[in-house]
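Chemist: Each chain, written out:
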Amino acid sequence: MSKLLTISPSPHVHTSDSVNKIMYRVLLALLPALVWSVFMFGLDAVRVTLLAVVSCMAFEYLIQRFIMKEVPKITDGSAALTGILLAFNVPASIPSWIIITGALVAIGVGKLSFGGLGNNPFNPALVGRVFLLISFPVQMTSWPVSQHAAVDALTTATPLGILKEGVKSGQPVSALMDSLPSGMDLLYGNMSGSMGEISALLLLLGFGYMLWKKVITFHIPVFVLGTIFVFQGILWMVNPENFIEPVFHLLTGGAMLGAIYMATDMVTSPMTHRGQFIYAAGIGVITVLIRNFGAYPEGISFAILIMNGFTPLINSYVKPKRFGGTN
Amino acid sequence: MTIVYTIITLSAIGTLAAVILYFVAQKFKVYEDPRIDDVEKALPGANCGGCGFAGCRAFAEACVKADDLASLYCPVGGNDCMSGVAGILGLEAVVQTPKVAVVRCNGSCEHRPKTNQYDGALSCAVAASLYSGDTGCQYGCLGCGDCVVACDFDAIHMNPETGLPEVIDDKCVACGACVEACPKTLIELRKKGPKDRKIYVACRNEDKGGIAKKSCEVACIGCSKCFKVCPFDAITMSNNLAFIDADKCKLCRKCVLECPTNAIIEVNFPPRKIKEDLPPKPAEKAEKPVAAPKSATDKNQPDNTEN
Amino acid sequence: MLKTFKLGGVHPAENKLSADKAIEKLALPKSVFIPIAQHIGAPAQALVKKGDQVKVGQLIAQAGGFVSANIHSSVSGTVKKVDMAPDASGYPKQGIFIDVEGDEWMESIHTGDDLVTDFQADSKAIIDKINVAGVVGLGGATFPTHVKLMPPQGMKAEMLIINGVECEPYLTSDHRLMLEKGSEIMVGIRLLMCALQVNKAYVGIENNKKDAIAHLRNLVSADSSIEVVPLKVKYPQGGEKQLIKAVTGREVPSGALPIAVGAVVSNVGTAFAVYEAVQKNKPLIERVVTITGKSVKKPSNFLVRVGTPVQDLVDAAGGLPEDTGKIISGGPMMGKAIASLEVPVTKGTSGITIMPAPEAKREVMKSCIRCGRCVTVCPMGLEPYYLMTVSDKQIWDKAETNRVMDCIECGSCSYTCPADRPLLDYIRLGKGKVGQIIRSRKK
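Chains as they are written, first to last, in the numbering used here: chain A, 1 to 327; chain B, 1001 to 1307; chain C, 2001 to 2443.
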C-alpha cells in the first residue's frame, strides 16, 4: 500500500448536506419572489438586489481579510443571503448609498462584530433593515408604485399603512375595505411594499421547496403565522370595527417573508421544536401588538429581533425531550 | 424648558440611586482581611491555577489563612513573589528551585515515521481515546497541540517541521497546565539547572528495545548503558525506560554520549571538547532552537557563548 | 404504519452490497491472534503458554470474573507466544498467538450440521453451558450473555427481544444468518426464553430485509410465543434502548438497564451461538463476518474463525482495492477504523468495511450555525452541540447534568452536521471523563 490508511473516530460516513448547500438552497427558494419584484418594480429591483448582495459580500470579504485577519469565507453563501434578504426588506426606490450603508451595518455590526457566521445573536439582515428604518424613515417608507399600476403617482402606501392611518383617524375597518387591495391581489402580490415581501404565493412556493429539500422544518413558519392568525382572530372577533380579519395580516407586510425566511434563520432561532414554538409564538404576538397598537404599521422585523434576543435563554431552559426521562 | 426638566429629573434619579446604593453597600458589607488584597497585588495575577487554587484571589485567601507557607507556592511568580507574600504576612517563605516544562518525546516526523493518518478532531485527548497514535509508538507525542491550547503564557508552540511541541524556557512559568493537558504524560516539570542547563531522557517508550527502535529512531531502548555510566546514581531504569532524576543529576553529560539512540538530550550546554578516543556520533539535528550544538559533528565550530 | 422508535434517528445510504451473498466458510488461516479481552468486563486469564498444543474448541483463557467470558482456541496447532499486539481497539492488547496445524476438534463438540431441536428445559443448565462456551453479545457490544440471562435481585424479565435489525449500513451478516440458519436461531431463541423463564419473544427486523421477515414468520407460524416484528428502516434502531422502544413502546429510564422495563435484548447471532453452545457443545470460536465496500471486488459474508487476521478476509474478497482509504472493523456508523490488516477478527467483529480514499477523509470543520439538526436526530434526546462545547471547554459538571452519560455513541449527530463538526469525538471524550468522575465519586 503506497498511501497511509486514514484513522478517525466513528461515524465514518457523512450526510451530503453542508452549510453551503443550505445557504444556496435558501437563495434558490427566494428566487421566484425576486423575479416577481423585478416584474413589479422594474430595473430598480435589480439595482437594489445586486447592490445589496455585492456590497454584503464585499464587506464580508474586506472585514474578514483585513480586520479579523482570517481566511475570507464569502463562498459559504451566507453573505449573499443576508444581502438578498436585506434587499427584500427595503422599498425598490431606495437610494443606492442607503442600501450600501445597510449592508455595512448588517454584515459589519450584525454579523462579523460577533465573530461571523454562527455567532451572531441577531439576524444580520434585520439588523441592517431596522437600522435603516430608524435612520432613514422617509426613504424607507416611500413605497414606489408598481410599473403596471394605472395610477399616476410616484409613491403609494402599503396596505398596512392605509389600515393604520385609517384606524388612527377613527374610521371603522369596514369603511377602509374599499381602499385596500382585494384578497387575490394580496395573495399573488399586486400591492406596494418592500421589494421581496409582496407576493405571498411565491414566498410560499419557496417554503415548499425548502421543506422538500429539508432545509428547514415547518415548525417556525407555521407557528408564527398560526399565532398571528389566532391572536388577530381573537381581536377581530372581539371588535371587528377596530381590527381587521386575520387573513389580511398573514398576507400583508413582511409576515410571510419574516416567518418563512427570517425567523427561521438557524443561527438566531432556538434548537428544539419546543423552544421554537415559544420563539415563534412570541414573534406572532409581538407582531400583532405592534401592527395594531404600535406606532409602526409593520412590526415583524422588531418582533423577530426581540425574540432573537431571547433565543439563548430559550436554548438554555427548554431542553429537548430526553429519552427515558421525565424531563 | 424641556432641557431643564430633563436635567432635574435625571439628577434626582441619580442622587436617589446613589443614596440607595450607599446604604445597601453599608448594610451588606462583608469583612475581609485587608491582607488578602495586599497578597493578591503581590501575585502575578495570571489566574493560571498553577498553584492548585482556582485563581490568584483564592491563592491569596489560602496564604492569609495558612500558618506557614510550606505547601503554598506560586510557580509563576517564583521565589521573589513568594518572599513578597511572606513579607506581607510576616511568615517564612519557602524557597523552591524554579522549574520548567520539558517535552519528553523527540519523535519528529523524521525519526518516527507515520504508520497511518489521523483524521479526527484536532485534539490529543480525542486521538488518545481513539487509538495508540499515528506512528508505531503508542507512548509518543500525538501532535494535536492540546498543550499549546492549555498554555496561558504563550510558552509552548508546535514546530510544524518536527510535529512536536517546543517550550520557550523564558516564557514558561511551570504552572503545569500542559502537564495536565497531555494525555500521554509526556511533559514534565524539571528543575531549571544552572544557566538553564538540563539533561533528560526525551522518550517515554516502555516497549522492549527492538520494538521501540523499530517505531522510532530516537527511542529509549532500555539498554541501561546510561544507568551504568552515571557516577551519581541519578538514572533509574523501569519498564525498559531510563529516567534521570534532576535532583541527583550533576549535569556531567556522560550519559548523553553513552546513549546509542540519542534519546538523552542536553540543552543549553556549550559545545563539548572532543576527547580523541570517543568515536564520532552520527549526525543529528538540533532538537530545540535553544539547544546549543551538542554532538561531535559540531566540533569544528568555535566555542560560542552560552546562550 | 411500521413500528419504530420515536426520538431522532437518521437514514444513511444502506449500501447492503453483500445482502444476496450466501455465507461461505473462510479457509483456515495460517496463524491466529486471539486477544484475551474480546468482551466487556474483566479480561480472561490465559491458560496456555508457548509451545502448548491446542485443539479447536479447547479452553485457552479462563473468564477473569463474573462479568467476563471464556476464550477458546478457534484452531488446532501450537501456541507461538502470549504477547501484546494491536486489536481493533487501536491499542496493543494481550493475546494468544497460535500457529495452525490441521483442524483437530475437541471430541465433546458435535460438528455435524444436523438440526437438534429437543432440549432439557432447565434454566440453570442452559446458562451454565452458555457461560462455559464463552458466548457474548455478537451485535458489537460483546456483553457476556450469561450475565444478561441472570437478572439482578428483584428484577424479572418479562420478554426476550431478538435484535435482527442490523441498522448499520453495509453490514449483512445478521441478515444472511437469519436466512440461512433461521431454524437454528429459533431453537436458540427458545433456549434463551427458557433460560430467562419468559414466555414471549419478539424478533425485531427492519423492513429492508423482507425475505428474512417472511422466512422467520414462516418458521414461527405455529408458535404464538415468538413474534416477528417488522420495523421501519431507521438508524440506530439496533441500539438496545431504541429497539425496546420500537418493539414494546417502553422507554428504559436514563442510566438503567433494559431489565428495568422487563426486557432482555439479544442479537440473532447470539441466539445462533447459544444454539451451538447448548445443542452442539460448541464454544464461540467462529462467527459470520461481512466484508464489504464500494470498491471491494467480491463483497461477501464469511464464516470466520475468531483470531483470523483481517488480511485473510480481504484476500478472500478479491484483495485490497487500489483506492482504499480506510478500513473499518464494523460498519461505517459505529465501527472502528483500523490501522493494519494484522488486526484479528474477534467475537464482536460483525463486518469489515473498506472505504475508498475520497470518502475516507472528513471535510474541514466549520463554525456551528445552530441549525439544531444534531438535537433533532439524537435518539436519546440530548443536545450534541452543547455537549461538544462543554466537553471541549472541560466543563464536566455541565456535561453530566445534560446527560452526557446517556449518549449511545451512535454517531447520528456527527453524521448529520452540515458544518462537518466532530460532535461525537468530543462527546465521547466528555463521556469518558464524566464516567471517571462518577466512578471516583462512588469510591
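Rather than coming from a laboratory, the hints here were simulated on the basis of the structure.
Because the structure is a prediction, the values reported are computed rather than measured.
Check each hint, because a few of them may be wrong.
In silico lysine-lysine, DSS-like type, Cα no more than 30 Å apart, as pairs [said to hold, decoys possible]: (1) C:Lys2366 - A:Lys321; (2) B:Lys1114 - B:Lys1065; (3) A:Lys213 - C:Lys2025; (4) A:Lys3 - C:Lys2366; (5) B:Lys1214 - C:Lys2006; (6) C:Lys2366 - C:Lys2294; (7) A:Lys21 - C:Lys2361; (8) C:Lys2006 - C:Lys2025; (9) C:Lys2049 - C:Lys2093.
Chemist: Tell me, which hint numbers fail for this structure?
Modeler: The structure conflicts with hints 2, 3, 5, 8, although it agrees with all the remaining ones.
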